[in-house]
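Undergrad: Residue numbers (my numbering), protein chains in the order written: chain A, 2 to 394; chain B, 6 to 297; chain C, 10 to 379; chain D, 10 to 379; chain E, 2 to 298.
Don't read these hints as lab results, they were simulated from the structure.
We treat Cβ as the ideally placed atom computed from N, Cα and C, and that holds for glycine.
Don't take every hint at face value.
To be verified - Here are the simulated lysine-lysine pairs, BS3-like style, with alpha carbons at most 25 Å apart:
1. C:K176 with D:K176
2. C:K83 with E:K20
3. D:K83 with C:K176
4. D:K193 with D:K228
5. E:K234 with B:K152
6. B:K152 with E:K50
7. C:K187 with C:K128
As the list claims (entries may be wrong) - If the Cβ cut is set under 7 Å, some of the chain D residues that face chain E in the computed set are:
8. L61
9. G78
10. S82
11. M88
12. S92
13. Y96
14. N98
15. F107
16. G108
17. M111
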Amino acid sequence: ADVEVLHWWTSGGEAAALNVLKDNLAGGGTGWVDMPVAGGGGEAAMTALRARVTAGDPPTAVQMLGFDIQDWAAEGALADLTATAQAEGWDKVVPAALQKFSTYDGKWVAAPVNVHSTNWVWINKAALDATGLAAPTTWDELVAVLDKMKANGITPLAHGGQPWQEATVFDGVVLSMGGDFYQKAFIDLDPAALGGEQMAEAFNRLIKLRSYVDDNFSGRDWNLASAMVINGEAGMQMMGDWAKGEFLKAGKKPGADFVCIRFPGTQGSVTFNSDQFAMFNQTDAAKQEAQVNMAKAIMDPAFQSAFNVVKGSVPARTDVPNDAFDDCGKKGMADLAEANTAGTLFGSMAHGHAAPAAVKNATYDVITAAFNGEYADGAAAAAALAEAVAAAQ
Amino acid sequence: MSAVTQDTAVSTGRAMRVLIYLLLVLFALFYLLPLYVMGINSVKPLSEITGGNMMALPQVWTLDPWRSAWSTAQIGVEPTGLKPYFLNSILMVVPAVAISTIVGALNGYVLTKWRFRGDSWVFGLMLFSCFIPFQIVLIPMAVVLGKLGLAGSVPGLVLVHVVYGIGFTTLYFRNYYAAFPTELVRAAQIDGAGFFQIFWRILLPVSGPIAVVSVIWQFTNIWNDFLFGASFGGTSQPMTVALNNLVQSSTGVKEYNVHFAGAILAALPTLFVYIVAGRYFVRGLMAGSVKG
Amino acid sequence: MGFLDIRNVTKSYGQVEVLHRVDIAVEEGEFLVLVGPSGCGKSTLLNMIAGLEGITGGEIAIKGRVVNGVHPSKRNIAMVFQSYALYPNMTVGQNMTFGLEMHGVPKPARDRALADVAKLLQIDHLLDRKPGQLSGGQRQRVAMGRALVRNPDVFLFDEPLSNLDAKLRVDMRTEIKKLHQKLKTTIVYVTHDQIEAMTLSTRIAVMNRGHVQQLGTPKEIYDTPANLFVATFMGSPAMNIIPARVVMQDGVPHASVTDAEGTPRMLRFSQAAMAAWEGKDILLGIRPEAITDPEGADRKSGNIQSLPNRVTVTEPAGADTFVTMTLGGRDAIARMRADAPVAAGERYEFAVNMEKAVAFDPATELRIGG
Amino acid sequence: MGFLDIRNVTKSYGQVEVLHRVDIAVEEGEFLVLVGPSGCGKSTLLNMIAGLEGITGGEIAIKGRVVNGVHPSKRNIAMVFQSYALYPNMTVGQNMTFGLEMHGVPKPARDRALADVAKLLQIDHLLDRKPGQLSGGQRQRVAMGRALVRNPDVFLFDEPLSNLDAKLRVDMRTEIKKLHQKLKTTIVYVTHDQIEAMTLSTRIAVMNRGHVQQLGTPKEIYDTPANLFVATFMGSPAMNIIPARVVMQDGVPHASVTDAEGTPRMLRFSQAAMAAWEGKDILLGIRPEAITDPEGADRKSGNIQSLPNRVTVTEPAGADTFVTMTLGGRDAIARMRADAPVAAGERYEFAVNMEKAVAFDPATELRIGG
Amino acid sequence: MSASTAPDFRTRLQDWLPKLVLAPSFAVTILFVYGFIGFTVVLSFTGSKMLPSFKWVGWENYAKLWALPAWNTAIVNIAIFASLYIVICTLVGLMLAIFLDQKIRGEGVLRPIYLYPMALSFIVTGTAWKWFLDPGIGLERVMHLWGWESFSFTWIKDGDMAIYTIVIAAVWQTSGFVMAMFLAGLRGIDNEILKAAQIDGASNWQLYRRIVIPLLRPAFLSAFVILSHLAIKSYDLVVALTGGGPGRATEMPATFMYSYTFTRNQMGIGASSAVIMLMTIAAIMVPYLYAELKEKK
Ligand SMILES: Nc1ncnc2c1ncn2[C@@H]1O[C@H](COP(=O)(O)OP(=O)(O)OP(=O)(O)O)[C@@H](O)[C@H]1O
Ligand SMILES: Nc1ncnc2c1ncn2[C@@H]1O[C@H](COP(=O)(O)OP(=O)(O)OP(=O)(O)O)[C@@H](O)[C@H]1O
Ligand SMILES: [Mg+2]
Ligand SMILES: [Mg+2]
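Make the full structure from the sequences, and use the hints.
TA: Okay, here's the thing in structure tokens:
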């Protein structure tokens with residue numbers, strides 16, 4: 002039987018990476034029916050999914066992020082993979098923070114493919130060297146480097162003005178205020194933390210970062226921002242690990258041409274988002290079998306390695322050998338393992354792994370507004386954030 | 006209709022005419038500019054785009070982006086280019102346009118030549134369908150398509166496009182047939198022709214101009230539709246969805262030249278239709294179809 | 010019982026009754042013309058005979074068969090429309106045989122019928138043209154041919170000549186007349202041109218506001234109009250309607266009419282019965298051709314009266330000269346010979362043919378004096 | 010030099026010359042009617058006078074000033090259009106004063122002019138209505154009012170009555186005639202209705218295919234048409250054109266015409282000059298009203314000839330009866346008294362007024378015999 | 002009356018056929034348009050989140066909707082956008098139509114150029130304009146490269162101005178269509194009226210202002226109706242051009258409705274915003290339809 006897969010990895014490297022999975026399945030006699038819908042980080046795909054499910058014709062497997070999985074599971078639309086998971090021992094190799102999304106009510110409903118961590122900073126090596134400073138590890142060092150870069154006549158921070166990009170930056174900022182605070186504010190949605198002084202400070206930092214961004218940032222695609230770093234127009238970019246692909250594609254070498262660091266002050270902690278394949282209920286036995294085959298194939302360590310090497314992310318299993326990965330990839334895997342054991346692996350707010358969609362979007366609204374200077378200061382923004390989150394819940 | 010197509014009797018001075026031509030040409034440039042930008046950048050290598058002048062002619066001319074967009078670009082897991090989706094679009098557009106045009110023609114025929122009590126109401130109700138935002142019908146439409154077993158199939162898409170197209174086609178044909186002498190229908194009745202015979206033998210043969218308008222309108226709308234295609238296309242997605250997949254991927258590398266080539270490729274059929282049959286479009290508008 | 014019977018037929022659109030109890034029996038071979046002002050219901054009545062409009066009340070029978078509710082194609086009628094209603098996408102030949110085709114007549118028979126009719130109407134050389142390539146007169150002929158080819162019981166014509174220019178109209182009129190004399194088919198013909206009505210018909214029904222005002226031969230309608238409406242509707246220029254008083258002189262009734270100066274002038278009636286109206290006001294109806302110059306007056310008439318009066322306007326129209334004068338306080342028109350020696354502002358001695366004069370009761374507007 | 014001079018004017022659209030060297034001088038106060046079949050160039054000529062079409066060759070002068078190239082608004086002309094061309098968005102009053110407003114006439118003066126003209130045309134009660142709320146006749150009046158109010162040198166009318174029904178057309182015709190008699194403005198008037206042309210004009214220009222065929226008074230045009238085209242175009246029913254041969258009898262020229270049976274009948278010419286055509290074939294032109302019943306014949310005529318013939322069709326038209334017969338192998342029409350005792354198929358003794366007959370050279374189609 | 006007056010079968014069938022032919026379209030319209038509108042109205046009173054649910058919440062969604070700043074932004078934006086878009090499109094369309102109507106050589110070439118943007122999908126339009134308006138790579142950059150260093154055109158990046166860039170692109174896309182409508186209207190005006198006005202002494206400017214433009218009233222009305230409904234429905238262009246940004250500065254009711262229904266899993270609020278949009282469209286359309294249909298009777 003075939004699996005029908007709804008996803009939004011439609012072009013270039015992503016699609017090539019997915020092809021690895023497709024070929025794997027084909028080897029096992031399971032066909033692949035492709036249903037790609039790109040746009041808006043999966044928004045269009047989710048709309049299509051809703052139409053498919055409402056029509057009573059759900060795809061076999063759907064690429065999905067964070068809370069969407071939980072929401073669909075709550076609707077009772079997802080298939081139970083627990084038997085397979087137990088047989089394969091998934092719960093031992095998948096970080097608990099990921100399991101929170103892959104399971105619902107104690108049952109496995111999705112198979113995680115990768116972990117993207119979002120608190121990365123990509124720095125042009127030459128630009129950094131020109132400042133004479135080391136790669137920053139704290140907020141103050143970061144500000145120093147940025148100031149120096151500004152003085153050197155380049156745009157210190159390359160940024161694309163789309164809400165999710167701003168939120169990605171803000172993830173790092175909040176995480177740099179401490180893992181507990183991140184947990185309280187974005188995952189527990191504690192009103193005190195959301196509207197409090199620390200959040201005000203976080204917003205002030207965000208507003209500060211805005212001052213290092215050129216005027217043309219709004220609406221810019223993230224990869225154009227990457228290109229600015231690559232060709233030295235800008236000093237650094239705060240972006241998830243998918244940005245690495247742009248650097249590699251441009252023929253740049255990690256360590257030699259560019260540097261990858263965790264957002265200053267967040268080394269040891271990781272905010273992540275994880276692409277998973279949620280399995281939708283199927284009535285046909287053959288399809289159910291294909292579905293199980295697909296889940297197994299996804300969790301196959303060889304696949305996880307092969308896929309993530311191409312995609313730039315790190316495997317969702319912690320037991321995958323890192324031989325195939327480059328420096329940044331190795332660092333990412335190590336950080337993930339470390340955070341997992343230390344309990345500092347957090348779902349990314351910006352990528353819908355901290356709170357449900359309504360809250361996420363309400364947060365976007367405030368972050369974007371703050372970044373665009375609509376609030377007088379961080380305190381005002383923090384107050385607005387607390388209010389918006391409360392309204393969205 | 007010959008009286009309608011004559012030029013105005015207004016005479017203009019020489020200076021004024023120069024000014025008019027100037028403005029007309031300026032506006033033509035304004036309208037052509039985006040097409041120029043897309044065209045010129047679709048024949049440049051990517052490096053010239055990210056670093057260079059958008060308006061400049063390419064230093065290196067290349068047709069690779071076109072080849073790539075058509076047949077090798079990655080759309081989903083398959084590096085197929087837009088080619089296979091083109092066929093999907095055709096399979097969807099042709100029946101949808103044909104059915105909606107014929108149904109519209111029949112409706113227009115009934116609404117003008119077989120009037121009955123309340124026919125204006127029926128028409129008014131149908132016309133309103135032209136004006137609803139399609140996002141709102143997505144969920145209930147999915148339910149209905151699911152119940153009909155048409156979800157995720159070309160026939161399902163055809164149905165959707167026909168349903169939301171007949172408002173327009175009916176409007177066009179109604180306004181056109183309203184000007185068609187009712188006496189002809191009466192003559193045919195006396196000659197013994199029935200309802201459908203009158204339609205096929207008398208009205209349809211003279212419906213050429215308005216049929217062209219209806220076809221252009223429906224063709225462009227359906228060809229360009231994304232929302233329904235993405236939601237109900239299932240595995241037979243139309244061209245727009247593929248194009249969107251090509252240009253919108255969120256975390257992949259963006260090959261702008263390929264995107265532009267793809268965009269033009271996807272627009273070619275509609276551009277072709279407009280340029281070839283465009284004169285009838287204006288003529289159709291003159292036949293009164295703009296009203297409503 | 011006639012060949013085509015219209016019995017007490019009424020027609021309403023919603024609340025509005027547009028035809029009131031119309032009752033006409035048409036004999037076989039008759040040429041009935043329906044005439045009347047625009048909107049009086051002529052086309053509606055014709056469409057009801059054709060079956061294109063429903064019948065609200067009463068019944069219509071063709072050859073004794075009641076046809077209310079029978080489909081138009083089953084009535085064995087043919088119709089010629091004002092706009093000709095030729096099918097623009099078909100050739101002349103196809104236009105003419107479409108009805109036969111619809112009635113399942115096989116091709117050879119159709120072609121035979123077509124050839125006959127085309128020859129009769131002299132349009133054999135046009136059969137392969139489209140209507141758009143024909144002149145107005147040719148189109149009119151094709152429309153007639155389309156009707157003829159069916160060999161129907163009744164022909165219906167709805168203002169078939171009104172789209173032609175004046176000259177062609179006269180020619181086609183004669184042609185229709187000849188055709189009728191040759192074929193002797195029953196015809197119902199609608200027009201609002203009263204010359205057409207007069208020349209073509211065997212009988213005329215003058216209609217107004219959904220009522221038949223008078224039904225009779227052209228001569229009856231023209232010479233003895235039933236009422237003021239018929240009198241003024243038929244004839245061009247219209248009959249002069251002159252306020253007058255009936256006065257007895259030498260024991261015979263005269264009409265006393267004031268001339269342009271207000272002087273009463275006596276015109277002897279030919280109808281002795283007018284004596285009954287002595288001393289009363291009436292409306293005197295005299296047709297323009299009955300007021301003329303003495304040289305142009307009808308020598309056969311037994312009652313030519315002289316009427317001196319001042320001329321207001323002269324309009325030489327080639328064949329005749331129309332002269333306007335004031336009579337009984339109103340404008341009256343006289344039709345005179347082309348070179349009658351009249352000039353505006355001068356006095357002239359007109360000759361009035363009182364044999365042709367009629368009188369109306371001003372109150373009821375009905376004709377009086379028998 | 011006239012008041013309005015059209016000198017050798019030609020007009021071409023691209024390669025096609027639609028007007029060929031037209032040469033007309035219009036006197037002040039004249040009423041010139043341009044008449045001719047559709048497409049002969051009447052409107053084109055009028056538009057050139059108005060300045061709405063360019064002049065390809067020749068020149069047009071108004072009051073001695075050459076106006077070629079002068080903008081329409083600067084020519085001091087006014088024009089009434091076939092469709093009336095009233096501005097639908099303005100009231101009647103605004104329609105009528107728009108021209109004055111455009112010429113910068115102050116409001117009080119405009120209002121005065123409006124009041125005068127509205128009174129003259131009896132449309133004072135309509136001034137606040139929109140054109141859409143008027144009947145055809147009222148619209149026509151407003152269109153005339155709009156022209157009158159400007160007090161122009163020349164009035165141009167392009168078929169102003171052709172959109173009215175027959176009755177109204179006759180009334181408005183008389184009214185225009187009266188108006189011209191009162192105001193004495195120079196008028197150029199286009200029509201293809203020859204009755205209008207005859208009754209209204211002081212002079213007529215008959216046009217065909219861009220040529221002026223004849224320019225003359227109505228009587229000249231009607232009685233002595235320059236050629237066959239003018240003869241048959243003017244008059245309704247058209248002049249009968251009968252093939253004949255000139256024969257000398259008793260030293261005077263006669264037309265020998267074959268009757269329905271083919272028997273030659275002699276009709277004596279009034280024109281002695283026809284003797285020059287002895288033995289030759291000619292076309293004899295006799296108007297229908299010149300062939301009549303003996304009782305209806307013109308008593309003043311000095312040359313009434315008797316013509317026995319068989320009747321083909323009779324068309325009683327109320328005022329007259331039209332009788333068709335065969336003469337010289339062709340149909341000819343006679344206009345007779347309404348109750349002339351004729352019937353189709355029977356023989357009758359017609360009276361022909363040969364004083365009114367004309368003759369044409371079959372080759373050149375020009376009138377002969379002086 | 003005799004029995005033979007009952008209509009024969011064929012006549013009766015012919016009486017019914019027209020209605021039978023119209024019936025499917027009518028049924029489909031009732032279900033797919035009015036049924037769905039009804040469904041949306043019902044949804045707007047429920048607590049639907051990700052999928053439709055029928056938990057009745059009364060007017061709560063409406064209350065929430067009007068409390069949302071983004072909705073207010075959307076309302077303000079649509080007001081700005083719709084008024085500018087309608088006015089500019091009408092003016093440009095009218096101007097082009099009047100100019101094209103002056104016996105222009107090459108009208109056959111110019112007309113399709115003005116019309117073709119209608120043929121393009123929003124993805125194409127959005128991509129092209131986004132590029133063109135982007136200061137970093139588009140017009141501004143080109144001007145800088147060509148030596149006009151002080152040239153600045155950063156509207157698309159400016160929260161206060163971005164809405165105007167949508168106006169530009171939208172005008173670009175539909176003004177040609179409006180031009181065609183006006184052209185059709187102009188060609189329908191009786192030439193004799195234009196002649197009459199010239200003889201009356203009107204200059205070209207007066208001729209158009211006093212006579213022609215008032216006569217184009219029906220075309221204006223049609224243009225208004227079509228443009229206003231396009232404005233209210235405008236979704237594609239916003240998404241493709243600015244994605245609602247910068248920030249949420251170019252949020253419109255249609256994008257708002259879509260995002261609440263499909264990406265924020267707040268279908269109830271989305272439905273209530275849809276109902277408001279529908280009511281606005283109806284408020285414009287119904288009187289127009291009523292007048293139009295009554296007049297044609
Ligand atoms: N479908 C209809 N609904 C309502 N009234 C109608 C309808 N058709 C015709 N009428 C009215 O019926 C009356 C008669 O119309 P009809 O067409 O028979 O007139 P007519 O005598 O043929 O006029 P004309 O000479 O203008 O053709 C008119 O007053 C007309 O307004
Ligand atoms: N713009 C034009 N281009 C080419 N030919 C034209 C044009 N306008 C008129 N014509 C031709 O010029 C000739 C004269 O036209 P015009 O309108 O003057 O005729 P008319 O005598 O007024 O006819 P009608 O009685 O039908 O109004 C016609 O043959 C017509 O086809
Ligand atoms: Mg009628
Ligand atoms: Mg003309």
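Undergrad: Now look at each hint and say whether the structure bears it out.
TA: Each hint tested on the structure:
About 18 Å separates the Cα atoms of C:K176 and D:K176, which keeps this hinted pair within 25 Å; it holds. Of the supplied pair hints, the one linking C:K83 and E:K20 holds, its CA atoms being roughly 22 Å apart against a limit of 25 Å. The hinted pair formed by D:K83 and C:K176 fails the criterion: a straight-line CA distance of about 39 Å is larger than 25 Å. Only pairs whose Cα atoms come within 25 Å are accepted, and D:K193 paired with D:K228 is accepted, the gap being roughly 21 Å.
Among the hinted pairs, E:K234 with B:K152 is inconsistent with the structure: their alpha-carbon atoms are about 28 Å apart, more than 25 Å. For a cut-off of 25 Å, the pair hint linking B:K152 to E:K50 stands: about 22 Å separates their Cα positions. Proposed proximity of C:K187 and C:K128 is supported: the alpha carbons are some 15 Å apart, at most 25 Å. With a cut of 7 Å, the hint placing D:L61 at the interface with chain E holds, because the nearest CB-to-CB distance is about 5 Å.
Annotation: interface hint on D:G78 violated; nearest CB of chain E at approximately 14 Å, more than 7 Å. Interface hint status for D:S82: upheld, as the beta-carbon distance to the closest one in chain E is roughly 3 Å, under 7 Å. With a cut of 7 Å, the hint placing D:M88 at the interface with chain E holds, because the nearest CB-to-CB distance is about 5 Å. Given the 7 Å rule on beta carbons, the hint for D:S92 holds: about 5 Å separates it from the nearest Cβ of chain E.
Residue-level restraint check for D:Y96 holds (minimum Cβ-Cβ distance to chain E is 6 Å; threshold 7 Å). A distance limit of 7 Å between C-beta atoms decides the matter here; for D:N98 the minimum to chain E is near 4 Å, and the interface restraint holds. Given the 7 Å rule on beta carbons, the hint for D:F107 holds: about 5 Å separates it from the nearest Cβ of chain E. Taking 7 Å as the C-beta cut-off, the interface hint given for D:G108 holds, the closest approach to chain E being about 4 Å.
Look at D:M111: its Cβ gets to within about 4 Å of chain E, closer than 7 Å, so that hint holds up.
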